[in-house]
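Student: Using the sequences and the hints, build the whole thing.
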Amino acid sequence: MKALQDIKLYCGIFGMTALLCSCSSAVFPDITEDEEDVVVSQDGDEDSSFIGRKSKKIELSMPEEGESLQADTKNVAYDNEKPDIPFAAKTKPVKKEELKESKAEAEKALSENTKKKEEKSKKIDIPQKPVISAADFAANEEENAIPSVSYRLDTFYFANGSSSLDSQYNKQIRNIVKLAKSKKNSIVTVKGYASSRTRNTDPVSHKLANFKVSAARAQSVAEALKRYGLPASKIQTEALSDSMPAYQEVMPEGERLNRRVEVYIAY
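In terms of the working numbering, the sequence shown opens at residue 1 and continues consecutively.
Derived from the structure by calculation, the hints contain no laboratory data. There's no promise every hint is true.
Capping the alpha-carbon separation at 30 Å, the derived lysine-lysine pairs in DSS-like fashion look like this [claimed, not checked]:
1. K171 with K212
2. K234 with K183
3. K226 with K181
4. K117 with K103
5. K117 with K171
6. K234 with K207
7. K207 with K226
8. K183 with K171
9. K234 with K171
10. K226 with K184
Tutor: Written out as structure tokens, the structure reads:
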């Protein structure tokens, strides 16, 4: 055991010796110290307070008294160049006489245009608004006034299928004409009706027959009004067929009362 420890000790010594021999035979590069940066003051003395790597020696030359700073050779050409200054276009001077002539021509053209416009306006005939007196205006207003009163005056009845007005209604016709003449701007409206007695026929024949008889009844009353002196301009007629029955037609009496003419007045 002791012999083994001795062997290990000798081996370690041998290895250390070999390592030292190899290190002594190795070649190392030469190490040189960097030069110190030198700052040159105005007096030319070197300032060694700043230490670092120096690439170049900087020399500063100051101008002597009475001298000015000069541009370097690179900027000489630039300094000698003349700047591009834009110049205004040359204009021909205008004489006072020419100004007076141009002004006179402009005034002449303006006056000619004004005269032409006046001549054109004279040629156009503008219609004058007619002057209406107060009396005529009131008369027109009264004539064109919208009726404010409208009501039914009377009702006339007719026989089945007939449009002849019975003579028993002559007195009523005279009263209607008298009232219509006494009211200014009066309009008499005559509305003719028919019963639905023909409702069992086809719809077209039924409507056509009732329309014809209602129109004939209204026209018969209008002719009676004209005979008693009412102007045709004051009469209006309407044919309403059986569209507005006044009574139900389940009994013959209802049919008789629906065969009628109603007279209305408005003023």
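Student: Starting from K207, check that the Cα of K226 is at most 30 Å away, please.
Tutor: 29 Å, holds
Student: Can you confirm whether the C-alpha distance between K117 and K103 stays at or below 30 Å?
Tutor: 21 Å, holds
Student: Holds or violated: are the alpha carbons of K234 and K171 at most 30 Å from each other?
Tutor: Distance of about 19 Å is within 30 Å: holds.
Student: Next pair to validate is K234 with K183; report whether the Cα-Cα distance is within 30 Å.
Tutor: Judged against 30 Å, a Cα distance of about 11 Å means the pair holds.
Student: Is the Cα-Cα distance between K117 and K171 30 Å or less?
Tutor: Between K117 and K171 the Cα gap is close to 72 Å, so the pair fails against 30 Å, i.e. violated.
Student: Going straight from one Cα to the other, do K226 and K181 come out at no more than 30 Å?
Tutor: 12 Å, holds
Student: For K226 and K184, compute the direct alpha-carbon distance and say whether it is at most 30 Å.
Tutor: Distance of about 17 Å is within 30 Å: holds.
Student: K171 and K212 were given as a pair; does the straight-line alpha-carbon distance stay at or below 30 Å?
Tutor: 27 Å, holds
Student: Compare the distance between the alpha carbons of K234 and K207 with 30 Å, and conclude whether the hinted pair is satisfied.
Tutor: 29 Å, holds
Student: Mind checking the alpha carbons of K183 and K171 for me, to see if they're no more than 30 Å apart?
Tutor: With Cα atoms ~19 Å apart, K183 and K171 stay inside 30 Å; holds.
Hint violations for this structure: number 5 only, all remaining hints satisfied.
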